[in-house]
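**Student:** Protein chains in written order, with the numbering used here: chain U, 18 to 132; chain P, 10 to 121.
None of these hints come from the bench; they were simulated from the model.
From a predicted model like this one, the values you see are computed outputs, not experimental measurements.
Among the clues, some could well be false.
[Unchecked claim] Now the stretches of chain P that chain U is said to cover, found in silico as 3 or more residues with beta-carbon under 8 Å: (1) 19-25; (2) 46-56; (3) 108-117.
[To be verified] Below, a list of computed lysine-lysine pairs in the BS3-like style, where the Cα atoms sit at most 30 Å apart: (4) P:116 / U:74; (5) U:28 / P:113; (6) P:79 / U:87; (7) P:79 / U:28; (8) U:28 / P:78; (9) P:78 / P:113; (10) U:70 / P:108; (11) P:113 / U:74; (12) P:65 / P:116; (13) U:87 / U:74; (14) P:108 / U:28; (15) P:65 / P:108; (16) P:79 / U:74; (17) U:70 / P:116.
All C-beta atoms, glycine included, are put in the ideal place defined by N, C-alpha and C.
Residues per chain, in single letters:
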Amino acid sequence: DAGITQSPRHKVTETGTPVTLRCHQTENHRYMYWYRQDPGHGLRLIHYSYGVKDTDKGEVSDGYSVSRSKTEDFLLTLESATSSQTSVYFCAIRETGTGSYNEQFFGPGTRLTVL
Amino acid sequence: SQQGEEDPQALSIQEGENATMNCSYKTSINNLQWYRQNSGRGLVHLILIRSNEREKHSGRLRVTLDTSKKSSSLLITASRAADTASYFCATDARGGSEKLVFGKGTKLTVNP
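Assemble the whole structure, with the sequences as input and the hints as a guide.
**Tutor:** As structure tokens, then:
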């Protein structure tokens with residue numbers, strides 16, 4: 018599992034509340050990613066990070082912010098949760114270095130329900 | 010819009026048969042990858058094929074890449090019930106993009 022954990026694994030919240038999801042890795046990878054997965058859409062990139070304090074937007078970044086204050090943690094925040102953000106959220110890391118070609122390894126996912 | 014699109018969306022076969030899934034993409038790529046996702050779990054990297062490769066094998070997996078047609082296929086030979094999962098292709102754009110774009114997946118069911 019490439020040493021990736023996500024917390025919480027399940028969360029139910031109400032519309033308008035802020036929510037923060039945490040991704041933690043133990044292997045000092047530089048690149049970390051947040052995706053959401055919805056039926057009929059596959060995986061879509063929300064934000065990614067290429068180093069501490071270095072982040073960039075993905076395909077579906079509206080309504081989400083991220084922070085990476087240390088290598089091992091990448092936080093995804095829904096500033097004011099909406100029902101359209103009900104989804105399964107996956108964190109991933111990218112292998113780099115000799116012999117790597119952008120393979121990504123995924124955490125177990127967080128199932129978020131916004132009522 | 011997404012780069013990769015898998016075909017078919019769903020495939021049901023008997024144990025022991027071969028399963029073939031296809032992926033089409035739109036722009037030039039550095040490499041193409043296939044991932045598997047078991048129900049309720051994260052994606053697992055299966056195999057990567059580089060843009061200058063035409064075929065690659067890993068165990069019971071065979072991947073082909075046709076850059077002229079912008080398509081790839083994943084063949085699973087002698088399928089097992091444990092191969093039941095969704096399979097996704099992912100591409101990164103030529104030029105060294107750090108991002109992958111995933112297709113919507115093929116849901117494979119292998120019946121015992």
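**Student:** Decide, hint by hint, whether the structure agrees.
**Tutor:** Results of checking the hints against the structure:
no.	hint	verdict
1	19-25	violated (count 0)
2	46-56	holds (count 6)
3	108-117	holds (count 7)
4	P:116 / U:74	holds, 29 Å
5	U:28 / P:113	holds, 25 Å
6	P:79 / U:87	violated, 39 Å
7	P:79 / U:28	violated, 40 Å
8	U:28 / P:78	violated, 43 Å
9	P:78 / P:113	holds, 19 Å
10	U:70 / P:108	holds, 18 Å
11	P:113 / U:74	holds, 21 Å
12	P:65 / P:116	holds, 22 Å
13	U:87 / U:74	holds, 19 Å
14	P:108 / U:28	holds, 27 Å
15	P:65 / P:108	holds, 23 Å
16	P:79 / U:74	holds, 26 Å
17	U:70 / P:116	violated, 37 Å
Checked against the numbered hints given earlier, the structure breaks hints 1, 6, 7, 8 and 17 and satisfies all the rest.
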